[in-house]
Amino acid sequence: MDPARQETDQRKQIARLLLERGTEPADLDLEPPPTAPASLTAELEIPFPEGLAPIPQPISPAPSPDDPMPPADVLVVTWTVAEVNALADTLTPGQGRNAWYRYARNFDQKFRDKIRPGAPSQKAQRLGSYFPTKIGDTTVVCVKSELHLNQDGISTGEGTATLPVKDFFAQMIDEVKPKAVMTIGTSGGVDLDQNLGDAVVTRAAKFRLNDEFRNEPFNGKTYKSDWEVPTSHLPAGEELMKRYADQLVEPGFLPPTKRYGYEGPPLENNPPNVPQILRDGDKMPAFHPVLTTDFFEFGTSSNHLGKEGCAVEMGDAVLGLLCSELPNPPNWLIVRNLSDPQINGDLPVKPKQRDMQAHWAVWYYEQYGYWTSIAGALATWAVIAGLDKGS
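Numbering (the working numbering), first residue to last: 1 to 391.
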């Protein structure tokens with residue numbers, strides 16, 4: 001097999017494992033057990049400003065999976081178990097992910113045939129799950145998607161494939177009718193000065209596709225939203241993020257065995273990882289895009305992705321693509337917390353050997369995915385809080 005193809009296939013499998021990491025049997029149930037996972041909110045003790053603490057809004061009676069989502073001012077979409085746990089603990093406190101309402105509307109009629117066998121949504125037999133909440137006077141619907149750009153595609157040609165997550169975005173926007181849509185979640189850092197837990201906040205996303213979508217007409221294109229993002233509560237969001245900086249401390253590193261012959265002390269990281277909100281037009285260039293890939297790619301010291309974008313992830317540009325086609329699109333924004341820093345590009349990547357660059361990128365996600373996602377959820381809160389008419 002071609003070495004480049006072998007590396008892409010390996011990275012593809014890593015992406016699928018990470019996206020499903022933490023999934024439990026109850027997550028695949030259309031009617032989960034009444035005992036939802038315990039929320040960490042009480043332990044987080046987030047001191048939100050008065051009147052702006054998120055207040056979950058249960059629906060009574062509980063909706064059927066075939067019911068439409070309720071209308072709201074803001075639609076927030078995330079993707080993995082670590083991300084939804086953090087979003088629930090922050091924006092729907094007391095309502096863990098299995099308390100969120102299952103959503104399967106039109107799954108059989110419009111989506112099933114566009115999704116490959118074995119994809120997360122095929123296993124769960126649904127499109128996602130959601131829960132309404134409120135921040136001040138702003139209503140919000142929080143969603144965990146079971147659809148993913150790099151999980152679902154069925155080949156339609158050489159370098160082209162189905163993209164059902166785009167249809168899912170369209171359906172959610174049609175039902176919720178939000179004024180703004182935010183996609184949030186983990187991502188890879190691209191610059192050496194980016195810290196674990198930093199949250200990039202940008203109004204742009206660019207496709208950087210090398211696998212099943214490499215020949216699609218949207219590959220390489222950048223999409224932008226002209227939204228004037230509210231900034232009044234971003235400083236408060238940063239202060240809340242800093243409360244959890246001690247969860248982002250990297251350990252001292254040593255070679256894995258004494259056979260390396262290194263006898264020195266552990267190599268310590270400096271400076272400390274105190275998370276910040278990196279907003280386009282402020283702490284980075286205006287409309288500096290998130291890079292959307294169709295396999296597990298990350299920034300390294302040798303691939304210089306920081307010149308092209310602000311972080312690497314696997315889905316956000318789909319929202320930009322859809323909104324570019326809508327006659328009256330909502331405002332949209334990308335919030336991506338950095339769950340792994342820029343990786344050392346001198347680490348070996350060789351066919352038939354361990355990809356040590358991917359090894360460390362995965363290790364960082366596994367260790368810090370939840371806590372960096374708390375920082376991202378707080379950055380999301382800060383943007384939404386700025387919409388409150390009374391603040």
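Please note: incorrect hints may appear among the correct ones.
[Unchecked claim] Listed below are the simulated DSSO-like cross-link pairs for lysine-lysine, each with C-alpha atoms no more than 30 Å apart in a straight line:
1. K307 x K258
2. K114 x K177
3. K134 x K258
4. K307 x K389
5. K389 x K134
6. K166 x K114
7. K177 x K242
8. K114 x K221
9. K307 x K350
10. K134 x K114
11. K258 x K166
12. K134 x K177
13. K307 x K283
14. K166 x K221
15. K110 x K283
16. K221 x K134
17. K221 x K307
18. K179 x K134
19. K307 x K166
20. K166 x K242
21. K258 x K123
[Stated by the list, open to error] Restraint-style ranges between C-beta atoms, simulated for each label pair:
22. P63 x L326: 36 to 44 Å
23. D226 x E268: 42 to 50 Å
24. G261 x K307: 35 to 43 Å
25. K307 x R354: 39 to 47 Å
26. G159 x S64: 32 to 40 Å
Keep in mind the hints are simulated off the structure, nothing from the lab. We put the CB at the ideal spot given by N, CA and C, even for glycine.
CA of K177 to CA of K242, is that 30 Å or under? Judged against 30 Å, a Cα distance of about 33 Å means the pair is violated.
Worksheet item: Going straight from one Cα to the other, do K307 and K389 come out at no more than 30 Å?
Response: 38 Å, violated
Original post:
When you check the alpha-carbon spacing of K166 and K242, does it fall within 30 Å?
Top reply: With a Cα-Cα distance of about 35 Å, the restraint between K166 and K242 is violated, given a limit of 30 Å.
Holds or violated: K258 and K123, Cα atoms, limit 30 Å. 44 Å, violated
Pair hint outcome, K221 versus K307 [Cα-Cα no greater than 30 Å]: 15 Å, holds
Requested in this report: Look at the Cβ atoms of G261 and K307 and judge whether their distance stays inside 35 to 43 Å.
Outcome: 37 Å, holds
- Task: Given the hint that K134 pairs with K258, test it: the Cα-Cα distance must not exceed 30 Å.
- Result: 54 Å, violated
(Q) Holds or violated: the 36 to 44 Å window for the beta-carbon distance between P63 and L326? (A) Violated, at about 25 Å.
Holds or violated: are the alpha carbons of K221 and K134 at most 30 Å from each other?
-> This hinted pair is violated, its Cα atoms lying about 35 Å apart.
| Holds or violated: are the alpha carbons of K166 and K221 at most 30 Å from each other? | 16 Å, holds
Holds or violated: are the alpha carbons of K134 and K114 at most 30 Å from each other? Since the Cα atoms of K134 and K114 sit roughly 34 Å apart, the hinted pair is violated (cutoff 30 Å).
> Okay, G159 versus S64 on CB: inside 32 to 40 Å?
Replying inline: 39 Å, holds
Going down the numbered hints, you'll see the structure goes against 1, 3, 4, 7, 10, 11, 15, 16, 20, 21, 22, 25, while the others check out.
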